[in-house]
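Q: Listed below are the residues making up each chain.
Protein chains: 2
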Amino acid sequence: MANQTYSNAQLSALEKRFRTNLINSLTGFKSVALIGTQSTEGSTNLAIFSQIIHVGANPPLIGILFRPHTVARHTLENILATKHFSINHIRRDFVEKAHHTSARWEISEFEGTGLTPDYADDLLAPFVSEASVKVGLSYVEHHTLRCNETVFLVGEIQKIILPEYCVGSDGFIDLVKAETITCSGLDAYHQVASPVRFAYAKASQPVVTIDN
Amino acid sequence: MANQTYSNAQLSALEKRFRTNLINSLTGFKSVALIGTQSTEGSTNLAIFSQIIHVGANPPLIGILFRPHTVARHTLENILATKHFSINHIRRDFVEKAHHTSARWEISEFEGTGLTPDYADDLLAPFVSEASVKVGLSYVEHHTLRCNETVFLVGEIQKIILPEYCVGSDGFIDLVKAETITCSGLDAYHQVASPVRFAYAKASQPVVTIDN
Chain A
60 MANQTYSNAQ LSALEKRFRT NLINSLTGFK SVALIGTQST EGSTNLAIFS QIIHVGANPP
120 LIGILFRPHT VARHTLENIL ATKHFSINHI RRDFVEKAHH TSARWEISEF EGTGLTPDYA
180 DDLLAPFVSE ASVKVGLSYV EHHTLRCNET VFLVGEIQKI ILPEYCVGSD GFIDLVKAET
240 ITCSGLDAYH QVASPVRFAY AKASQPVVTI DN
Chain B
60 MANQTYSNAQ LSALEKRFRT NLINSLTGFK SVALIGTQST EGSTNLAIFS QIIHVGANPP
120 LIGILFRPHT VARHTLENIL ATKHFSINHI RRDFVEKAHH TSARWEISEF EGTGLTPDYA
180 DDLLAPFVSE ASVKVGLSYV EHHTLRCNET VFLVGEIQKI ILPEYCVGSD GFIDLVKAET
240 ITCSGLDAYH QVASPVRFAY AKASQPVVTI DN
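In order, the protein sequences belong to chains A and B.
Sequential numbering from 60 applies to the first sequence in my numbering.
Sequential numbering from 60 applies to the second sequence in my numbering.
It should be emphasised that the hints constitute simulated quantities derived from the structure, not laboratory data.
You may find that some hints are simply not true.
When chains are identical, the list treats them as one kind, so a pair holds in a single copy or across two.
Lysine-lysine pairs mimicking DSBU-like chemistry, simulated, CA-CA at most 35 Å apart [claimed, not checked]:
1) 75 <-> 236
2) 236 <-> 261
3) 142 <-> 236
4) 75 <-> 261
5) 142 <-> 261
Bear in mind the structure is a predicted one, so any value in this text is a computation, not a measurement.
Using the sequences and the hints, build the whole thing.
A: Here it is in structure tokens:
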């Protein structure tokens, strides 16, 4: 099997689009979701993000990395203004609409793509009605990275809405049943196969599978 | 379709293991990889991580979130000491060994699990020979989150090693061909189906697919 290698200097010399595709593919399959926000005037915004990570279970926290805050970033600005946002998993049957939110819309992405806003409790952020797994969050803190001015923002989970049949007796969410998809690179979306699950690993014994 | 909902207060009241599984599942399918490091004395360490995100393409940067630095965290300590680490994608045929790295080993996880260390250039961190996609990085910066003492660390890519046949003419890496897997929750590993790719989205036209 012939390997291809790239050094740091070789990466710098690559054509921009090639480098962007390559580096964006390197973190493997990614969490991808639609983030819903609204401005203080109530204008809704919906944007697709793949830089989303688990931060903690207690308190329940999720982090998102935003591109540099040097041009208009409606999602980040809305979160800083209203303190609320939603994370909505993407299902295969509306992935085209989800991708279409990344276009430059003069109107709300909900209106432009035909996805449906939905509200819960007193959260100042729309959910996506078509999503199966929906999470409402409130702002906790953010850090601007010195290396490239991206912004790492953390929110605390205030509300979870998901289909009953996806939640196992041990709390594990079957994301394949929920029809959640994953993504890779900048523009590729994938369906996922049923998992193998393993018990807590011990050095003294082989890894054993557990049932869902 | 009956929905299940959880408020922030209801999450706090859940049994700990149930809450941990539930919250860890909420970010969707995750990047999962083995992170290789070594101590200043040359002892190797290998650990499985699912909190890995793309930070930037130019300069080429990847971020990792580490659990609180209040108990021994060999991976984080090694990176802070040697300034180097590797990220190695996991293939289905060694996922049991990858999961087994999470046990408490008295010896190196390489020795314990039977995975093979491999070196490139002058990087002070072992790669996993069995991995198809391997990335060598150097430390750039880190931030400790106030909310839960987790540590967000950023590295710059110094070396990429991957099979030639996975890299498309536009730089996109076909991670399905590379046999990279994804994970969900704390202990579930999934194979992934071939993607649909979409062209750069425009508000004035429908989303169109592109060939790999």
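Q: Run every hint past the structure and note whether it holds.
A: Going through the hints against the structure:
1. Within a single copy, residue 75 and residue 236 get their C-alpha atoms only as close as 38 Å, which misses the 35 Å cut-off; across copies the closest is 24 Å, which meets it.
2. In the homo-oligomer, the alpha carbons of residue 236 and residue 261 lie at most 35 Å apart both inside one protomer (29 Å) and across protomers (31 Å), since each shortest distance falls under that limit.
3. Proximity of residue 142 to residue 236 under the C-alpha cut-off of 35 Å is restricted to the intra-copy arrangement: shortest distance 31 Å within a copy versus 41 Å between copies.
4. When the C-alpha separation of residue 75 and residue 261 is checked against a cutoff of 35 Å, the pair qualifies only between copies, where the shortest distance is 21 Å, while the shortest distance within a copy is 45 Å.
5. In this homomeric assembly, residue 142 and residue 261 come within 35 Å of each other (Cα to Cα) only across copies, at 29 Å, whereas the closest approach inside a single copy is 42 Å.
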